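S.K.: Quick mapping for you: the protein sequence lines, in order, are chains A and B. Residues 1 to 259, numbered by the working numbering, are exactly what the first sequence covers, in order. Residues 1001 to 1167, numbered by the working numbering, are exactly what the second sequence covers, in order.
Honestly, the hints are just simulated from the structure, not real lab data. The structure displayed is predicted, hence computed values, not measured ones. One should not assume that every hint holds.
[What the hints assert, rightly or not] Within a straight-line C-alpha distance of at most 27 Å, the following computed DSS-like cross-link-like pairs (lysine-lysine) qualify:
(1) B:Lys1137 x A:Lys44
(2) A:Lys24 x A:Lys39
(3) A:Lys247 x B:Lys1137
(4) B:Lys1137 x A:Lys71
(5) A:Lys248 x B:Lys1137
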Amino acid sequence: MEEIDIEIKILDYLQGRLSGTERKEVEHLQQISPAFAAKFSEVKQVWEGLDLREVPDISAEPTTGFEAMLKTFELEQEHRKTHTVWRQLAALFVYRPKYNWAYSVLLISMGALGAWLYLKPADTPVPNDPQQTSVLAMLKNADANGRLKAVNYTQRLRQVNSKVIDALFLTLNTDPNENVRLVTLDALVQLADDPKVRAGLVNAIIKQDSELVQAALADAMLQLQEKKSVKSFKKLLEERKSPIIQKKLEQTVQQLETI
Amino acid sequence: MLQVKNGDLRKMSLLYQRYRQPLFAYLFHQTGKRNESEDLVQTVFYLMLKNRHTFSADGAFRAWMYQIARNTLINSIKKNNRIVYQAEFETQPLEHELEHNYDHQEARAQLNQAIARLPDDQREVLILSKYQELSYKEIATVLKTTEGNVKVKVFRAIQVLKKLHKK
């Protein structure tokens, strides 16, 4: 047996890694071989001497940090799921050549609808745009998926009229489904060039009871650099919140104030 | 960890309760800095969450965790552009040493210096083997080497310490 094998065996013995038979073998060697006994004693002294090096206990502070980190991570994952739903919905509207006939039917129907609207008697009020009218109807859908589709569809419209914007804000502020509200928020942020939309987003801040939507609004306001939202966030901070959202809103206010 | 990987993120709290001290000890042995080690513990748990998909069902959790901890430590050293770590090992008296146990403090300081003088690779295997109680197989996984190589490094570290011990 080479020196390295002997010493590793001694270390294994000291660490309790040997089987019963192997342990007995080491103990027997100590009795019959003074050289082995000396080596054993030397290695043991060094190995056990290492116990002098001690490590303090970890403090409670990282535990608090860990809990906050875990909560943030969970929130982010939840938010990501919402975006995935949106992406899946968006995929429904991606042009697919194999559905050519369906697109053709859709275009013809829309053309026919346009012609009917143009030619119909003048005493009937004319909607601004059939697509926008459809969106308005879809936003009243009882099914959350239907409302998600409607919100997503607004992003395909070249122009969005004030009725649709009002309907989107109604959805953002009152829809019972959190995912629908988040998707609506994203849709409205796309329209934020319109001062009316920016003002509506600021007003929406204090109407949100969901911390996830509040957090998303904070991100949106930072993205839009909307300093006017500071007051609303401060008002929101007066209410009791979970530490993580409290911190997020405080940071948002701080960042917006420095703009 | 498998449950965390499958989406039950809350289960990470249990892993944190169980492994925060061993992980802190590993990082403290390497950095010698309490605050820095505590920060790194949190970073390691964040990275475990973020990279949970890389944990394989048949893999050993401890080896995977120490691999992440080791990479985090290496990145931290690079980021802070630090070369000498061990020489800074905190040698303030521990609580039970405050009763004027000077000899104990002195011996501990000497040991810290001895460990600091070890080559990095030897010190690393010594810490993983002695203090973290990882098997040679686990250490080999963490360091991406062979068990034989780990044994050689442990042996060499012991030889160096024996010489220092005799002085």
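S.K.: Compare the structure with each hint and give your call.
M.R.: Consistency of the hints with the structure:
no.: 1; hint: B:Lys1137 x A:Lys44; in the structure: holds (22 Å)
no.: 2; hint: A:Lys24 x A:Lys39; in the structure: holds (17 Å)
no.: 3; hint: A:Lys247 x B:Lys1137; in the structure: violated (44 Å)
no.: 4; hint: B:Lys1137 x A:Lys71; in the structure: violated (35 Å)
no.: 5; hint: A:Lys248 x B:Lys1137; in the structure: violated (44 Å)
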